[in-house]
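So the sequences go chain by chain: G and H. Numbers 1 to 456, taken from full-length UniProt numbering, label the letters of the first sequence in order. Numbers 1 to 456, taken from full-length UniProt numbering, label the letters of the second sequence in order.
Each hint should be verified, as a subset may be incorrect.
Which copy is meant is left open, so a pair is good if it fits within one copy or across any two.
Derived pair list, reagent style DMTMM-like, types lysine to aspartate or glutamate, alpha-carbon separation capped at 25 Å [said to hold, decoys possible]:
1. K452 - E426
2. K433 - D367
3. K186 - D455
4. K433 - E266
5. K312 - D145
6. K197 - E208
7. K188 - E266
Please keep in mind that the hints were generated in silico from the structure rather than gathered at the bench.
There are 2 protein chains.
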Amino acid sequence: KSVAVGEVEAPESHIVFGRRYVRPRRIVLLEANARGEKERTPSWAFHSFLAIHQQTTESVVVHSIPFYSISSRERVNASWEERKGRGWIIARSFHRRLQPLRLDRARASRYWSSSKVFEFEWCERIRICCRAMSGRGDEEASRLDQLKKTAAATVSEIGSLTVNDKGEVWFAELSEMWPGQAFTIKVKEVLFHEKSKYQDVLVFSSYEYGNVLVLDGVIQCTDRDEYSYQEMITHLPLCSLESPAKKVLVIGGGDGGVLREITRHETIETIEICELDEMVPEVAKKYFPKMAVGFDDERVKCHFMDGFKFLKEVDAGTYDAIIVDSSDPVGPAASLFQKPFFDLVHRALKDTGIVCTQAESVWLHLDIIQELHKLCLEVFRDPAKNSGSVNYAYCTIPTYPSGQIGFMLSSKSNIDFRSPKQKLSENSSALLKYYSPEIHGASFVLPQFAKKCLDC
Amino acid sequence: KSVAVGEVEAPESHIVFGRRYVRPRRIVLLEANARGEKERTPSWAFHSFLAIHQQTTESVVVHSIPFYSISSRERVNASWEERKGRGWIIARSFHRRLQPLRLDRARASRYWSSSKVFEFEWCERIRICCRAMSGRGDEEASRLDQLKKTAAATVSEIGSLTVNDKGEVWFAELSEMWPGQAFTIKVKEVLFHEKSKYQDVLVFSSYEYGNVLVLDGVIQCTDRDEYSYQEMITHLPLCSLESPAKKVLVIGGGDGGVLREITRHETIETIEICELDEMVPEVAKKYFPKMAVGFDDERVKCHFMDGFKFLKEVDAGTYDAIIVDSSDPVGPAASLFQKPFFDLVHRALKDTGIVCTQAESVWLHLDIIQELHKLCLEVFRDPAKNSGSVNYAYCTIPTYPSGQIGFMLSSKSNIDFRSPKQKLSENSSALLKYYSPEIHGASFVLPQFAKKCLDC
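Working from the sequences, and respecting the hints, build out all of it.
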């Protein structure tokens, strides 16, 4: 897959590098090798590289020596000297992406800074890219203008999207729940945006996380990492039960992911789900088929209503487990973090039943977690009988604020949540990507700062 | 601390709510109570609230009922009906911040969306805020203009900062190491920005994370969460040693945080640190005094040079532990992820010595971790002697990409890294905010997707 050192014609176009346009005079392929990281550029190649560039004033160099090797850095610096600090170098970088490095006068004898990343792998593709980019400079500029206009039209009606000067659309997760910080994702396409009776529902496809579901501006799940949350909020309670679960209730969880995980337990007889917003399952079935597969199981029965009202009508002692897969305690899910709700949950659970509820991140919301912990102790502990258990566990998930999320587990019985009693079948276990009996135990071990707060 | 229901004069000014200016006709304090969350607004207050607003066309209402209670939501909706969908409501929100909710025609009978968060706690302060904001509308607009200009002047020379239309400055952590996503932090003030011989060095103060150190556009540490990384990269190796550490080497770690943690081990006799970039400790001492305190210990000796070159000159079998506190494998730290470097580390360690190196996040860089794991096995495993150990652990940290970071631990001996052998003194333990012997063990338990990759 080696490509010889050589030259290709420079395209009659602008190419966007980092934040500005460059019109390259010519493009030089110094060396291209499909497995470049492991190999060294022969010295003759390096010398011809220097020789060519002594006379070049503005050029783009495709340079496949691994960016991260010391020798390559020294070489690039040397080449910089020879080229009087003008032009560009594109080096192969760690992820086999091409990285253009700008070298300009201001950085003489200093280090370089990286800018935009090109998303193709092999040097041959430079040619394709150049062809795609070719055309008059004006055309190119008007194409970019068009891109920005199209993006801006989509963006103007969705507060959490912005379009930058490269025509890229980005989603920013701003919320009063985590002021002064925001995780941002580059948007490929907005797939769905409507206001339901209860909340703003947005689905977009992203470059790195697949499809993303956003409710009231807050990321609920992405194709790439949803499983960690769904597996943990489900298997932590179901595997902690003394005897296998038969009857389970989900409150919230309209994306279907928790249902999917529950169905992996073969002992389950009925699964009820009570979701407030009918639009969420509709959207999930269309844009997140791998998650929404949970709805297809014949043991599943859906109720579209308020979880609070639903629980009032349920017979006491009905469920082995209740999973509260809620959004944050602002907006529609607010009541699911309060005492009247937990009183109803307590009533609806069997004596040995377990409730597991979404319980925020220790890094951001220790105050909420502390209050929830206190509340659950109040509801589930019975000092007279010396019974009741409450415990907090967590998992990591990159697209949730601070990169993690926790779960509050409670029961009227004395249950040691830390050690799983139930095991998934071999077939089911093989499908899991996050949960294991070992992770189950480890997820209850909190960092010191959190442990101190939740022990008191 | 209760404030009676009443009215205050509307200021002669614009107030910025969310994305637009509002000139309120009057401000109504419906109820203000310092511990509002636990209490209910008396119904008379609610009724007078409705009564007042039946005649109001454009108004700001300070409404202290907790935003997240169902009852309050119903009330707010009811009040919306009465007010024909015009005006604003400010509700107390979860974090005792005030949240303005815009209600407009477009959202008739729908839910509301949240916008800007006000950063004061009690309703009394609304008055102060109004006073601060008072003045002619023109003055207010020119003040905002000035703010934007000042911010833009700072921002133009730092690629990773942007200023939005509210005059807020935000830092975005863009990198080819995590394309298509970026963590962003709201900037209070840029404290330092210079290019050292090796990299771009930026320090800013933030609203939520204290001071932030950024090298080549990538966050290295923040006042708020640095301890989790520093404690784990230090105590994981030092507590895994069979006998207490006496001689330790740090490579990188110019912020001093790892030094601080090492000094908590009372058995330590000498600590050497080899940092490439002298500017980093200088900046750390000035802007991160709590971290840089490590440099003050008399057992610490600094070398400002390339870690690679330093290790070449070191006697074989010198160190009990080597801690490689590097930045990512692009830029100056690239060589610290390659075999020649690990060969030198192997040589410099005692037979029972341990090296612990920064090893990225399983969610983003499983490929890098796999290669590093293979590399460490190659260097540290001796099949003939059936000796050598390599293991991967991780911790959570909100301001690192994906919210976590890992560590690769290696030794020529057979060491069970998972169970700590050394204990910190009681005094030292009391100072720790993340590490504990229990966290030590749990940090090696990987999610299934990562375990599968690192077992093979």
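Structure-based check of each hint:
1. K452 - E426: Intra 38 Å, inter 16 Å, cutoff 25 Å: inter-copy only.
2. K433 - D367: between (31 Å within a copy, 17 Å between copies)
3. K186 - D455: neither (40 Å within a copy, 33 Å between copies)
4. K433 - E266: within (18 Å within a copy, 42 Å between copies)
5. K312 - D145: neither (57 Å within a copy, 55 Å between copies)
6. K197 - E208: neither (31 Å within a copy, 34 Å between copies)
7. K188 - E266: neither (39 Å within a copy, 54 Å between copies)
Comparing the model with each numbered hint stated earlier shows that hints 3, 5, 6 and 7 do not hold.
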